[in-house]
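Q: Sequence:
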Amino acid sequence: MPSTYKSLENHGRVYWRKNAELSRKVGGKIKPVWEYHVSLLPEAARAALLVRSGGVCVEEKTEKSDQKASIWVRYEGLSKAHKRRCEERLKALCSMDDLLQAGMGVHDAASLCAVQFGVSYRSLFHWRQMVEGYERTDWLAALAPCYGEERLSQWAECHEGGMGGFMLGLFAPVSPCFFGMLSAYGDGGEGTGVGACAFRAGFASSF
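With the UniProt record's numbering, letter number 30 in the sequence shown gets 30, and the count goes up by one each step, no holes.
It should be emphasised that the hints constitute simulated quantities derived from the structure, not laboratory data. Don't take every hint at face value.
Claimed, not checked - Calculated cross-link-like contacts (lysine to aspartate or glutamate; reagent style EDC-like; alpha-carbon spacing at most 16 Å):
no., residue 1, residue 2
1, K91, D138
2, K83, D138
3, K18, D138
4, K68, E21
5, K68, E135
6, K18, E43
7, K25, E43
8, K68, E9
9, K29, E43
Unchecked claim - Pairwise CB distance ranges, derived in the manner of DEER restraints:
no., residue 1, residue 2, range
10, K29, K83, 20 to 30 Å
11, V26, G77, 20 to 30 Å
12, Y121, V14, 13 to 23 Å
13, K31, W72, 25 to 35 Å
14, W72, G28, 38 to 48 Å
15, K25, G118, 13 to 23 Å
16, M104, E132, 27 to 37 Å
17, T137, D108, 18 to 28 Å
For clarity, every value in this text was computed on a predicted model and none was experimentally measured. Just so it is clear, CB atoms sit at the ideal spot from N, CA and C, and this is done for glycine as well.
Turn these sequences into a full structure, and let the hints guide you.
A: This is the structure in C-alpha cells:
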C-alpha cells in the first residue's frame, strides 16, 4: 500500500478506478472527488478507520458474533465435496487478496488468479462479496454455499455446473429432457451440488 497521499492517489487512478463497483466519482465542496470501497484497504487500515469512527456498538458486535457462529455451523454441515470446493475458493481468494495488498490493481489481480486457479473472473468478485465484513480467518466458512436452506425469496443460488447443464439442455436441438439433465447433474450434492429435489423445483419453476 502506498505510504503517501500523492502515491495513494496515483495508485487509485491507475488501478482502482478501473472497477466501477469499487470506486465512484461524487461531487465535492469545490470539485468532484473519487471514493473507494473500504475493502481495497489492508485489514489494519480498515480496523483503524473503525476505531476512528467510534467502533461498533455492543448489539452490532453480538450480531456479528452470532453470524460468525452461524456460518461455521453451516460449513461443518457440508459434505466433503462442498468443503473441498470452499477450500479451492479460499485459495484463489487469498491469492487475489495478497496481490491486492502488494499493490497490484484489482483487475490485474483477478485476471491472474482466474487463470492460475481455473475460475471465472466474475466468480472471484462474487466470492469477495461473500466474505465482505468477515475476518480472513472466517473466510472459509463464509464461502460455503447455501444450498438447501429455506428462503422466502423466489430466487435461489444455483451452482455454475448445474446451471450450465440446464442451459445446454434447454437450448439443445431436441427438446430438453428433465430426467436426462437430472441424471447428469442431480447428484445429491456430491459433485455439482445440485440435489434432485432442488433441481426438480428449479426446472419446474422455469416454465
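Q: Hint by hint, note whether the structure agrees.
A: Hints versus structure:
A C-alpha spacing of about 13 Å is found between K91 and D138, which places the hinted pair at or below 16 Å, so the restraint holds. For the suggested pair K83 and D138, the alpha carbons sit about 14 Å apart, so the restraint of at most 16 Å is met. Our distance criterion of 16 Å between C-alpha atoms is broken by K18 and D138, whose separation comes to about 28 Å. For the hint linking K68 to E21, the alpha-carbon distance of about 25 Å lies beyond 16 Å, and the restraint is violated.
Taken as a hint, the K68 and E135 pair is honoured in the structure, with Cα atoms around 10 Å apart against an allowance of 16 Å. Between K18 and E43 the CA atoms are separated by roughly 22 Å; this puts the pair beyond 16 Å, and the hint is violated. Restraint check for K25 and E43: the C-alpha separation of about 24 Å exceeds 16 Å, so the hint is violated. Simply put, K68 and E9 have alpha-carbon atoms about 35 Å apart, too far for the 16 Å limit, and the pair is violated.
Between K29 and E43 the CA atoms are separated by roughly 30 Å; this puts the pair beyond 16 Å, and the hint is violated. Restraint check, K29 to K83: a C-beta distance of roughly 51 Å breaks the suggested window 20 to 30 Å. One distance hint, 20 to 30 Å for the beta-carbon pair V26 and G77, is violated here, with the actual separation near 43 Å. The given range of 13 to 23 Å is respected by Y121 and V14, whose C-beta atoms sit roughly 19 Å from each other.
Between K31 and W72, the C-beta spacing of about 47 Å breaks the proposed range 25 to 35 Å. The hinted range of 38 to 48 Å is satisfied by W72 and G28, whose Cβ atoms lie roughly 42 Å apart. At about 35 Å, the beta-carbon gap between K25 and G118 misses the expected band of 13 to 23 Å. Evaluation of the 27 to 37 Å hint for M104 and E132 yields a failure: the beta carbon distance comes to about 19 Å.
Evaluation of the 18 to 28 Å hint for T137 and D108 yields a pass: the beta carbon distance comes to about 26 Å.
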